[in-house]
Amino acid sequence: MKRLNRMIGWCLPVVCLTLLTLCGCLQGRQEGEGFINVGEFTVKSLDNGLKELRDGQGRRLVLVPRGQQAPQGFRKEEIVPIPVRRVVAYSTQEVAMFRALGVLDTLVGVTTRKCDWTMREVARGMEEGRISYLGDSTSVDLERLKAARPEVVFTWDQSVVPMLETMNIPAVITYTGRAMDLETRVRFIQFLAPFFGKEREADRFVKTVLETIAEIRRKTADVKHRPKVIWGDIYEKRVMVEPGNSWVAEMIKLAGGDYLFEDIGGSH
Amino acid sequence: MPFLFIFSTRYLYGEVFTNSSSLYRFVFKLSPHLMHYAVLVILLGFLVSYLTSSVYPGKILLPNTPINLPGSSFSMVMKAMDVEFYNGSRLGFLEDQAMEVTARVDFRDQEGRPLKEAVLAVNRPVWFQGMSIHIKDFAPRSKRGMPQRDHVAVIIKRDRGIWLYIAGTVLFTLGLLMYFHEWVRKRQGKW
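Going down the list, the sequences are from chains A and B. Under the numbering used here, the first residue of the first sequence is numbered 1, with each subsequent residue one higher. Under the numbering used here, the first residue of the second sequence is numbered 1, with each subsequent residue one higher.
With the rest of the complex left out, here is chain A (with noise of 0.2 angstroms):
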């Protein structure tokens, strides 16, 4: 019985040791090269230029380049065709990106009121109706999006998804529950890039913004007087702070300052 018992106490860790490997193979076969992840969103290539994301929210998605078969498993509402002709975004820093990737001609459609655009490519596009205004950001007019004919809805809001989906109109969620640092904020571009077919446009802006930034760190590393900052907004008799974890508050630090919650965590 003695040699039984050993015999059991043998055969432990063989089986561990071959679950474990097989775990980890299957787990470098599924993340290999073509990989991106920037903060909470993913962008992982498959075969034949497909790619598939992940939004803010952890759905997921697949670009599709044009003329190509969908791949099976993906709902309609799913599948961007791609590159990206027709796109709606809820928030201005989306638009900026567009600008970085000289794609801003896709943009048909807004929710900022042409008079707070300081782009003047949007601000010319709504003058001459090709970028539509849906409303305010909380409360979309759907008539007006359907007008638009969006290939894809870039939106913070994630209860617009199911009137979407009617639509069939793909959205990707650009909130997350965790505020973007810095570098995340400027790697999102590599997020939206492959939309538009223009990935190496974003490789060579997040290089040129990080190398930018790493110099202003490296004159500011030895700046004596850090005055004490603090960023929020007043909204309804309320003060919201952007979070220590906020690329806010790694701006200021980058700029010399002392921002003082930086010790809190949380969403923008």
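Warning: the hint list may mix true and false statements.
Subject to a maximum C-alpha distance of 27 angstroms in a straight line, what follows is the list of computed DSS-like cross-link-like pairs (lysine-lysine) [claimed, not checked]:
(1) B:K136 with B:K79
(2) B:K157 with A:K76
(3) B:K29 with B:K79
(4) B:K190 with A:K76
(5) A:K207 with A:K44
(6) A:K44 with B:K157
(7) A:K146 with A:K114
(8) B:K190 with A:K51
(9) A:K44 with B:K79
Everything labelled a hint here was simulated from the structure, so no lab data went into it. Note that the structure is predicted; figures quoted are calculated from it, not measured.
Could you slot chain B onto chain A? The hints should help.
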């Protein structure tokens, strides 16, 4: 607690094992192996989850708007949602902030016939046809602030590995109890 355990062990099994045979001792000697195998079963559960589970993280429930349950012909509709706000005065920063949310949901078949009604809440998932539905986010989170459409974001999971986790946990507990029993018997000099 240990005393209670020792007492109950003696009470329940004392007589049986007083003249314990070598077979009984052998079975109890396997308790460390049992615990290790339990860990393997839990690891196996992870492997099954990794290979076969499906997670749908961004499903949005709007009041009275059905959504399809992925990979099935069933649908789910939120009949009502109730957000409970902080109404105390001691913690000023929580004023008007949501404290709890509950959603009453119906599951329906392809023809729209109701099959099950359940209440979904934070840390209270609902189970239906091998799927578990968990609350991830909801709005409104505050009485003030930016107006948002009432909605509940849910994660829908289909995870067969969960039964292996449960089995592994039960096995581990059993192994632990057996090990403790053997330890007690040895200390008493009966084995």
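Non-conforming hints, listed in increasing numerical order: 3, 4, 8 and 9
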